[in-house]
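**Q** Starting from the known structure of chain A, fit chain B with the ligands onto it as the hints suggest.
Chains as they are written, first to last, in the working numbering: chain A, 1 to 333; chain B, 334 to 662.
Simulated from the structure, these hints should not be mistaken for lab results.
Quick reminder that beta carbons are idealized off the backbone N, C-alpha and C, glycines included.
Be a bit skeptical, because a hint or two may be false.
[Unchecked claim] Pairwise CB distance ranges, derived in the manner of DEER restraints: (1) GLU292(A) with ASP445(B): 30 to 40 Å; (2) LYS309(A) with ARG489(B): 27 to 37 Å; (3) HIS129(A) with SER412(B): 35 to 45 Å.
[As the list claims (entries may be wrong)] A few chain A residues that don't get close to chain B, going by computed Cβ distances all over 12 Å: (4) PHE23; (5) ARG26; (6) PRO69; (7) GLY82; (8) PHE105; (9) THR117; (10) ALA128; (11) ARG138; (12) ARG140; (13) PHE164; (14) LEU178; (15) VAL196; (16) THR229; (17) PRO273; (18) HIS324.
If you want the building blocks of each chain, they are given just below.
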Amino acid sequence: MTALTMPEGEAPILEVKDLATHFFTRAGVVKAVDGVSFSLNRGEIIGLVGESGSGKTVTGFSLIGLVDPPGRIVGGSVKLEGQELVGLDDAGLRKVRGARIAMVFQDPMMTLNPVLTIGQQMHLALAAHERVSKGAARVRSAEALTRVGIPDAASRLDAYPHQFSGGMRQRVAIAIALLHGTRVIIADEPTTALDVSIQAQILSEMRELAREMGTALVWISHDLSTVSTLASRILVMYAGRIVEEGPTAQVLRAPRHPYTAGLLRSLPAMAEPGTDLAQIPGTTPSLLNLPEGCPFRPRCERASELCAKNPPMTRAGERGYRCHHALEEAVSA
Amino acid sequence: MSEAFISIDDVYKRFSPRLSMADRIVSKLGARVETRPVRAVDGVTLNVERGQTLGLVGESGCGKSTLGRMIAGIIEPTSGSVRIDGKPVMEGGRKADTRIQTIFQDPFASLDPRMRIGDIIAEGPFAHRLVDKSGERSYVAGYLERAGLDPSFADRFPHQFSGGQRQRIAIARALAMQPDVLVCDEPVASLDVSIQAQIVNLFLKLRREMSITLIFISHDLSVVRHVSDHVAIMYLGRIVESGPTETIYTDPRHPYTKGLLESVPKLLVEDDALVHFKPIMGEIPSPLAPPAGCHFNPRCPIAIDLCRSEDPALRPLGPGHCAACHLAQ
Ligand SMILES: Nc1ncnc2c1ncn2[C@@H]1O[C@H](COP(=O)(O)OP(=O)(O)OP(=O)(O)O)[C@@H](O)[C@H]1O
Ligand SMILES: Nc1ncnc2c1ncn2[C@@H]1O[C@H](COP(=O)(O)OP(=O)(O)OP(=O)(O)O)[C@@H](O)[C@H]1O
Ligand code: SF4
Ligand code: SF4
Ligand SMILES: [Mg+2]
Ligand SMILES: [Mg+2]
Numbered sequence: 001m002t003a004l005t006m007p008e009g010e011a012p013i014l015e016v017k018d019l020a021t022h023f024f025t026r027a028g029v030v031k032a033v034d035g036v037s038f039s040l041n042r043g044e045i046i047g048l049v050g051e052s053g054s055g056k057t058v059t060g061f062s063l064i065g066l067v068d069p070p071g072r073i074v075g076g077s078v079k080l081e082g083q084e085l086v087g088l089d090d091a092g093l094r095k096v097r098g099a100r101i102a103m104v105f106q107d108p109m110m111t112l113n114p115v116l117t118i119g120q121q122m123h124l125a126l127a128a129h130e131r132v133s134k135g136a137a138r139v140r141s142a143e144a145l146t147r148v149g150i151p152d153a154a155s156r157l158d159a160y161p162h163q164f165s166g167g168m169r170q171r172v173a174i175a176i177a178l179l180h181g182t183r184v185i186i187a188d189e190p191t192t193a194l195d196v197s198i199q200a201q202i203l204s205e206m207r208e209l210a211r212e213m214g215t216a217l218v219w220i221s222h223d224l225s226t227v228s229t230l231a232s233r234i235l236v237m238y239a240g241r242i243v244e245e246g247p248t249a250q251v252l253r254a255p256r257h258p259y260t261a262g263l264l265r266s267l268p269a270m271a272e273p274g275t276d277l278a279q280i281p282g283t284t285p286s287l288l289n290l291p292e293g294c295p296f297r298p299r300c301e302r303a304s305e306l307c308a309k310n311p312p313m314t315r316a317g318e319r320g321y322r323c324h325h326a327l328e329e330a331v332s333a
Numbered sequence: 334m335s336e337a338f339i340s341i342d343d344v345y346k347r348f349s350p351r352l353s354m355a356d357r358i359v360s361k362l363g364a365r366v367e368t369r370p371v372r373a374v375d376g377v378t379l380n381v382e383r384g385q386t387l388g389l390v391g392e393s394g395c396g397k398s399t400l401g402r403m404i405a406g407i408i409e410p411t412s413g414s415v416r417i418d419g420k421p422v423m424e425g426g427r428k429a430d431t432r433i434q435t436i437f438q439d440p441f442a443s444l445d446p447r448m449r450i451g452d453i454i455a456e457g458p459f460a461h462r463l464v465d466k467s468g469e470r471s472y473v474a475g476y477l478e479r480a481g482l483d484p485s486f487a488d489r490f491p492h493q494f495s496g497g498q499r500q501r502i503a504i505a506r507a508l509a510m511q512p513d514v515l516v517c518d519e520p521v522a523s524l525d526v527s528i529q530a531q532i533v534n535l536f537l538k539l540r541r542e543m544s545i546t547l548i549f550i551s552h553d554l555s556v557v558r559h560v561s562d563h564v565a566i567m568y569l570g571r572i573v574e575s576g577p578t579e580t581i582y583t584d585p586r587h588p589y590t591k592g593l594l595e596s597v598p599k600l601l602v603e604d605d606a607l608v609h610f611k612p613i614m615g616e617i618p619s620p621l622a623p624p625a626g627c628h629f630n631p632r633c634p635i636a637i638d639l640c641r642s643e644d645p646a647l648r649p650l651g652p653g654h655c656a657a658c659h660l661a662q
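Excised from the complex, chain A in its bound form:
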């Protein structure tokens, strides 16, 4: 699948290494993102999954350089087409953001301005990065809206956000992110608040976009099923770290990390209707003053004394996991 979109030897469009973002709060240090590494190729869709508070959103914000105090990127590197973004000043970041890398949020009103028409905001978004006439802006805006499945786009440019449904607003936010031929879009739970029939429409449109325009996507979601229909690779995040990664189907079929395995087993789709679901005991940990060692240890049935030391990322081919006692590799049928 990746071979289709990634000619041999092409450099990744986004390369993230040991990214760490901490919040220095009065109560202590919250290590929201603590050593995240991955790379993304042109046209590739990668899924970033994990439960609430695991650090997905903070990772997304860190990639586009939008971390506000008391948070700070304390280490690592984010390279967009070879250009280092960590440490770039505001002016430099503004040039990149919205033009080459953009973020789409669960709530499209984070992007949209309620008092401007869609056409006005799209014109502004274009003008932020290039000189463009009003007429040309309208043409390009209508094109972008059409690409995300908004019918009769030209005539909708004069409408205000509140005149659109939630699903349509999200499409507009995605269209704005696409305006400049953006290379990378970080999509943070963009369909979570939408109805399944609308979500399905948007998911299939996003796949088309990646294929046709070569836009690469980091798709953040807590829903493994959604990610499995969309992403060729998956990153499973727990307590600020990637604990497992690999080709989506392989990871979901045969997880190596006990947390991934537990998550999968707890899904209703994995059990006979009416039978008890497998549970992961306990709750997700607070990232405040997280103790040394594997953060999954208090909930893990495989934990041993060894797990008091933090497991490093073990890599085997395309797979990777952070666990001292990884589950067996599946015997391939």
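**A** Then chain B with the ligands, alone, in the frame of chain A:
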């Protein structure tokens, strides 16, 4: 024929917009102000047998919560009736029966932050003389345990608990009223997957151990399949299909049910599993002005002329299975 345990008979609920003074004035001056009522529930007839779990599913705004609140006796139907065990759930605009309890989505909003857990749970039963002061502690402890919580939690406050624990507390409080019917409105929607599993298991346990009748409202089709005996699918205020859970999921007959099931992302574990979503086209029309005839007709891939003029009635298609579609068979 004897009446079902819960009998919902041709129930309608319309919400008229509450116009502000300014709206009223500008509308008199001819400005366009929305004055049409929302047709939240538009003629629902449904039966639930004692001890069964009915899953109520549908997309946002289709009227699930409104129907749930009418079953629970929280709001009154505009017309039609809801009867439980032969008695109307509302009398003279008030909830007639304490044997119906409700659990809501947001476990944070539904618990008074200033009250101890023990008092939160005991308040209702004490007021209704289900327990007296001397028996209160052990009564509370019993229901905490039933909800999978430690009895010592009785002395703590809500903010000391996680989302999943708070939802258990809300469940313990509802159970302590010894209800016959529990209406659960999106009880796991705000919880993480791993915590969701714990609460789903709790519902399964209640079903096994108590003779409780559950109305389980959710937009999550896989959770509903897991806990329900029967399922009713709603679209724009109407039930479009209902039947035994497995029948609905494996042999849906209504085009909307089929489209909805197609739209749910499935967990794919095959390499190169190319998914062919067949999303339902278009958007959900406004409940202010649902389309004439079958409400689904503008989005339906097989609609015929008749669908644009005639409401399809819910017709029986098999044991306990009905669909409201002119073409379903
Ligand atoms: N401004 C802040 N100050 C302190 N801690 C913060 C701040 N913003 C985020 N955090 C912490 O960082 C951690 C990661 O949060 P993040 O929002 O990235 O989680 P998430 O995986 O996106 O969760 P969700 O699924 O709920 O969106 C959390 O523990 C959160 O409490
Ligand atoms: N108190 C009210 N006043 C006016 N309109 C209302 C009121 N309550 C609900 N509605 C409207 O009635 C319709 C049905 O709402 P309801 O909350 O029952 O839907 P739902 O299926 O529960 O949706 P969701 O999945 O979003 O919870 C919606 O259009 C809603 O806006
Ligand atoms: S390192 Fe140890 S505690 Fe952590 S997931 Fe692996 S076995 Fe469990
Ligand atoms: S009645 Fe007609 S429009 Fe409605 S679902 Fe059936 S075929 Fe489609
Ligand atoms: Mg988030
Ligand atoms: Mg609702």
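**Q** So, for every hint listed, does it hold in this structure?
**A** Verification of the hints:
1. GLU292(A) with ASP445(B): 30 to 40 Å: 39 Å, holds
2. LYS309(A) with ARG489(B): 27 to 37 Å: 34 Å, holds
3. HIS129(A) with SER412(B): 35 to 45 Å: 58 Å, violated
4. PHE23: Non-interface label on PHE23(A) holds, nearest chain B Cβ at 20 Å vs cutoff 12 Å.
5. ARG26: Holds: least Cβ distance 18 Å, greater than 12 Å.
6. PRO69: Holds, because the least Cβ-Cβ distance between PRO69(A) and chain B comes to about 26 Å, which exceeds 12 Å.
7. GLY82: 30 Å, holds
8. PHE105: About 18 Å separates PHE105(A) from the closest Cβ of chain B, which puts it past 12 Å; holds.
9. THR117: 19 Å, holds
10. ALA128: Check passes; 30 Å lies beyond 12 Å.
11. ARG138: For ARG138(A), whose nearest Cβ neighbour in chain B is about 24 Å away, the distance exceeds 12 Å, so it holds.
12. ARG140: 25 Å, holds
13. PHE164: 10 Å, violated
14. LEU178: At about 20 Å from chain B, LEU178(A) clears the 12 Å cut-off, so the statement holds.
15. VAL196: At roughly 5 Å from the nearest Cβ of chain B, VAL196(A) sits no farther out than 12 Å, so the non-interface label is violated.
16. THR229: About 5 Å separates THR229(A) from the closest Cβ of chain B, which leaves it inside 12 Å; violated.
17. PRO273: Non-interface label on PRO273(A) violated, nearest chain B Cβ at 5 Å vs cutoff 12 Å.
18. HIS324: At about 21 Å from chain B, HIS324(A) clears the 12 Å cut-off, so the statement holds.
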